[in-house]
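Trainee: Single-letter residue listing:
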Amino acid sequence: GAGVSQSPSNKVTEKGKDVELRCDPISGHTALYWYRQSLGQGLEFLIYFQGNSAPDKSGLPSDRFSAERTGGSVSTLTIQRTQQEDSAVYLCASSSRGGGGRGQPQHFGDGTRLSIL
Amino acid sequence: QKEVEQDPGPLSVPEGAIVSLNCTYSNSAFQYFMWYRQYSRKGPELLMYTYSSGNKEDGRFTAQVDKSSKYISLFIRDSQPSDSATYLCAILKSGGSNYKLTFGKGTLLTVNP
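From first to last, the protein sequence lines stand for chains H and W.
Under the numbering used here, the first residue of the first sequence carries the number 1, and numbering increases by one thereafter.
Under the numbering used here, the first residue of the second sequence carries the number 1, and numbering increases by one thereafter.
Hint data in this document are derived by calculation from the structure and do not stem from the laboratory.
What you are looking at is a predicted structure, and each value in this text was computed from that prediction instead of being measured.
Even glycine gets a Cβ: it sits at the ideal position worked out from N, Cα and C.
A few of these clues could be false.
Short derived list, chain W residues pointing at chain H, Cβ under 8 Å [as the list claims (entries may be wrong)]:
#1 M34
#2 G43
#3 P44
#4 L46
#5 Y49
#6 R60
#7 R77
#8 P81
#9 L88
#10 Y99
#11 L101
#12 F103
#13 K105
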């Protein structure tokens with residue numbers, strides 16, 4: 001498809017397990033972003049990739065969170081030893097290049113809804 | 001004070017009404033302003049994008065930016081039931097970290113037929 005694709009769409013797991021969330025950006029988009037959306041906090045920035053590099057990881061909540069991007073395309077967000085407070089919708093976005101400046105809006109996928117039991 | 005404030009609503013209007021949605025922001029470094037629409041269990045969809053003060057119109061939607069007051073608005077004319085969604089304002093700084101969207105918490109809008 002033409003849009004940002006995320007999988008799985010839903011994930012339920014037990015506390016303490018590791019999870020991997022996948023994002024396939026729009027073809028040709030060099031910039032990729034992860035955000036988290038939770039009821040009390042709204043949408044929060046997690047990490048930004050330009051190509052395979054992550055110049056800004058400042059939004060990752062703890063060292064249990066990590067992300068990588070390979071081939072300048074697919075990205076994986078990994079959460080180790082999940083906690084109940086990790087329950088949220090994890091959204092991925094991409095843009096044609098870094099920055100949100102003129103003509104480079106961020107386009108979002110439908111997210112992965114993560115529930116930690 | 002949060003960087004972006006948005007009244008969460010909910011807002012309920014009859015079909016055909018004019019809807020006004022608003023956000024305020026505190027940081028004058030914010031230079032790019034967006035409105036996203038989010039349907040239930042879907043990702044945010046970009047509606048409007050502007051980088052200057054004034055109005056920008058697209059069909060039934062008008063985005064308004066007042067940088068002097070740090071106030072942005074989205075107007076929806078002739079609202080339709082299909083406009084029922086959560087509307088999120090999002091703002092970007094210029095210069096460094098000009099990729100990190102700062103979102104308002106969203107306003108839930110219901111348009112009743």
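Trainee: Determine which of the earlier numbered hints do not hold for this structure and return their numbers in increasing order.
Mentor: 6, 7 and 8
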